[in-house]
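Let's have the full structure, built from the sequences with the hints guiding it.
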Amino acid sequence: MAAMIRPGRGTGGSRLSTAAERWRRPGTAGAVALAVLFAGPALPQSRGERIDFLEQRMAVVERQLENQALVEMARQLAALEAEQRRLRGEVEELRHALAAAQGRQRDQYVDLDQRLRSVEERLAAASAAAEASGAEAAYQQALALMKAGRYDEAGVALNQFLASHAGHERAPNAQYWLGEVHYLQREYPAARAAFERVLSEYPEASVAGEARKRLARMTAEKH
4 MAAMIRPGRG
14 TGGSRLSTAA
24 ERWRRPGTAG
34 AVALAVLFAG
44 PALPQSRGER
54 IDFLEQRMAV
64 VERQLENQAL
74 VEMARQLAAL
84 EAEQRRLRGE
94 VEELRHALAA
104 AQGRQRDQYV
114 DLDQRLRSVE
124 ERLAAASAAA
134 EASGAEAAYQ
144 QALALMKAGR
154 YDEAGVALNQ
164 FLASHAGHER
174 APNAQYWLGE
184 VHYLQREYPA
194 ARAAFERVLS
204 EYPEASVAGE
214 ARKRLARMTA
224 EKH
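Using the numbering used here, read the sequence shown as starting at 4 and increasing by one per residue.
If you are wondering where the hints come from, they were derived from the structure by calculation, not from laboratory data.
The model shown is predicted, which means the values in this text are computed figures rather than measured ones.
Treat the hints with caution; some may be incorrect.
Listed next, with one range per pair, are the computed distances between beta-carbon atoms [as the list claims (entries may be wrong)]:
(1) E69 <-> L97: 39 to 45 Å
(2) R107 <-> Q163: 52 to 58 Å
(3) A103 <-> Q163: 56 to 62 Å
(4) E123 <-> K150: 37 to 43 Å
(5) D55 <-> A82: 36 to 42 Å
Positions of the beta carbon are idealized from the N, C-alpha and C atoms, including for glycine.
Next comes the structure, spelled out in structure tokens:
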């Protein structure tokens, strides 16, 4: 059959030869198309008719191949769109997972912060209680020394209490008893200074009146 369609010298033959050469390349869709092309009915007998017939068949095959290419492109495009939708779904899932993880981390931080605050408050309360207990013990020890007549030691203990716990509720009393210790030891200038300090630093304290009376008595006694 190839001998029957060998082109001659005319323009139609040259055009058909070029197209056939392009379609005859092995491993291409054109090779398959040529097989289909020549598998049809017998060709017309005259050369012109054969050329026209083959050109028509080739045009049909070209349209079929173009349609097949379009179908393949559409299939590939649909596959790409499906993959894109899948990837978008995965991204959305990851975003939700990240947001949830950040929320859990934020909740854990808030819970930890609250627990730390609670512990700090309890520690502060315990420290304050321990300090108050220690201050009270120091004050009572100083009074015990004074009652025992150990005035030098009592004076030292009262001075230490005032130095360490100046803002304690017992501080006005400690200041007053320090004046009494000095008075009992006949250290009148030191006693007067201690009583005057009660009036200057703790004027609203309950012992302020007693300090004032003691100063008046010392003045009357010319001390």
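Check your understanding: Lying within 52 to 58 Å: is that true of the beta-carbon distance R107 to Q163?
Key -> holds, 54 Å
Point to revise | Distance restraint evaluation - D55, A82, Cβ atoms, bounds 36 to 42 Å | key: holds, 41 Å
**Study point:** Outcome of range test on Cβ distance (A103, Q163; 56 to 62 Å)
**Key:** Given range 56 to 62 Å: holds, Cβ gap about 60 Å.
Point to revise | Beta-carbon spacing of E69 to L97 - inside the hinted bounds 39 to 45 Å or not | key: holds, 42 Å
Check your understanding: Falls inside 37 to 43 Å, the C-beta gap from E123 to K150?
Key -> Holds, at about 40 Å.
Violated hints: none; the structure is consistent with every hint.
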